[in-house]
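Novice: Count along the sequence shown starting at 1, add 27, and that's the number in the working numbering.
FYI, nobody ran anything at the bench for these hints, they're computed from the structure. Bear in mind the structure is a predicted one, so any value in this text is a computation, not a measurement. Think of the CB as a built atom: it goes at the ideal place given N, C-alpha and C, for glycine as much as any other residue. Treat the hints with care, as some may be off.
Claimed, not checked - Simulated restraints on C-beta separations: (1) Asp76 - Glu114: 21 to 29 Å; (2) Asp65 - Ile109: 30 to 38 Å; (3) Glu72 - Glu114: 34 to 42 Å; (4) Glu89 - Asp158: 18 to 26 Å; (5) Met85 - Met155: 23 to 31 Å.
Unchecked claim - Straight-line Cα separation of at most 20 Å, EDC-like style, residue types lysine to aspartate or glutamate; simulated pairs: (6) Lys106 - Asp158; (7) Lys71 - Glu154; (8) Lys71 - Glu55; (9) Lys106 - Glu55; (10) Lys71 - Glu140; (11) Lys71 - Glu121; (12) Lys71 - Glu177; (13) Lys100 - Glu154; (14) Lys106 - Glu162; (15) Lys100 - Asp156; (16) Lys100 - Asp118; (17) Lys106 - Glu88; (18) Lys106 - Glu140; (19) Lys100 - Glu89; (20) Lys106 - Asp65; (21) Lys106 - Glu89; (22) Lys100 - Glu172; (23) Lys100 - Glu114; (24) Lys106 - Glu172; (25) Lys100 - Glu177; (26) Lys106 - Glu177; (27) Lys100 - Glu88; (28) Lys71 - Glu88; (29) Lys100 - Glu121.
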Amino acid sequence: VKLRHEPEQNQNIMLVKIDDYAIKVLGEWPWGRDVIADALLRMKEFGADTEAGLTRCMNNEEFYFRLIGMAAKDPNFEKLEIALAMEEPDDAFEAAHALKGVLGNLALTPLFEPANEMCELLRGRTEMDYDPLLEQLMQAKSQLEALLAE
């Protein structure tokens, strides 16, 4: 039994948090819509499902972008590279699984897809050349880092 009616959420409305750093970089509020939308547009062009990622971050753009920055620096990228080079499938699986979770939650599709594929192949102990998938993952990571540096 519901005691009160939950209002419908309008998916066309997004809350934007303005902090001191943003004001220092972009100038005094109010900003044009183009400034606010630019980062999200660049992420969409990259292939991220920003709507899903923002939903998981309670539509807090600052939090979402902070997590994306942290994900780009995740030590599991290096752990995965090393484990694959050393032919240590358990360590490689652990790193790929961790990346799969982080990248999936942030809806970073270009990174998630190769991480997910590697994770499932490593889970099944598939003996194969993982270099093409690793290269795809690392190229997408480099693209993300370049976007974040803009």
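Novice: For each hint, tell me whether it holds in the structure or not.
Specialist: Taking the hints in turn, this is what the structure says about them:
Evaluation of the 21 to 29 Å hint for Asp76 and Glu114 yields a failure: the beta carbon distance comes to about 34 Å. Evaluation of the 30 to 38 Å hint for Asp65 and Ile109 yields a pass: the beta carbon distance comes to about 36 Å. As the Cβ distance of Glu72 to Glu114 is approximately 37 Å, the hint placing it in 34 to 42 Å holds. Between Glu89 and Asp158 the C-beta distance comes to about 37 Å, which lies outside the given range of 18 to 26 Å.
Checked against the hint of 23 to 31 Å, the C-beta distance between Met85 and Met155 comes to roughly 39 Å, which is inconsistent with it. At most 20 Å may separate the alpha-carbon atoms for a hinted pair to count; Lys106 and Asp158 meet this at roughly 14 Å. As the CA atoms of Lys71 and Glu154 are separated by approximately 34 Å, the hinted pair breaks the 20 Å bound. Restraint check: the Cα-Cα separation between Lys71 and Glu55 comes to about 26 Å, which exceeds 20 Å; the hinted pair is violated.
Restraint check for Lys106 and Glu55: the C-alpha separation of about 42 Å exceeds 20 Å, so the hint is violated. The straight-line distance between the Cα atoms of Lys71 and Glu140 is roughly 15 Å, inside the 20 Å bound, and the hint therefore holds. Note on Lys71 and Glu121: the hinted pairing is violated, with a Cα-Cα distance of about 28 Å set against a maximum of 20 Å. At most 20 Å may separate the alpha-carbon atoms for a hinted pair to count; Lys71 and Glu177 meet this at roughly 15 Å.
Of the pairs offered as hints, the one joining Lys100 and Glu154 is violated, with about 28 Å between alpha carbons and a cut-off of 20 Å exceeded. Distance check on the hinted pair: Lys106 and Glu162 sit about 14 Å apart at the alpha-carbon level, within 20 Å; holds. Of the supplied pair hints, the one linking Lys100 and Asp156 is violated, its CA atoms being roughly 25 Å apart against a limit of 20 Å. About 18 Å separates the Cα atoms of Lys100 and Asp118, which keeps this hinted pair within 20 Å; it holds.
Simply put, Lys106 and Glu88 have alpha-carbon atoms about 29 Å apart, too far for the 20 Å limit, and the pair is violated. Of the supplied pair hints, the one linking Lys106 and Glu140 holds, its CA atoms being roughly 18 Å apart against a limit of 20 Å. Proposed proximity of Lys100 and Glu89 is supported: the alpha carbons are some 17 Å apart, at most 20 Å. Restraint check for Lys106 and Asp65: the C-alpha separation of about 33 Å exceeds 20 Å, so the hint is violated.
This hinted pair does not check out: Lys106 and Glu89 have alpha carbons roughly 28 Å apart, beyond 20 Å. With a C-alpha separation of about 9 Å, the suggested pair Lys100 and Glu172 falls inside the 20 Å cut-off, and the hint holds. Restraint check for Lys100 and Glu114: the C-alpha separation of about 23 Å exceeds 20 Å, so the hint is violated. A distance of roughly 18 Å separates the Cα atoms of Lys106 and Glu172; the hinted pair therefore holds under the 20 Å criterion.
Between the alpha carbons of Lys100 and Glu177 the distance comes to roughly 16 Å, so the proposed pair stays at or under 20 Å and holds. This hinted pair does not check out: Lys106 and Glu177 have alpha carbons roughly 27 Å apart, beyond 20 Å. Pair hint Lys100 plus Glu88 holds up; C-alpha atoms about 19 Å apart against a cutoff of 20 Å. Only pairs whose Cα atoms come within 20 Å are accepted, and Lys71 paired with Glu88 is accepted, the gap being roughly 14 Å.
For the proposed pair Lys100 and Glu121, the alpha carbon gap of about 17 Å is at most 20 Å, so the pair holds.
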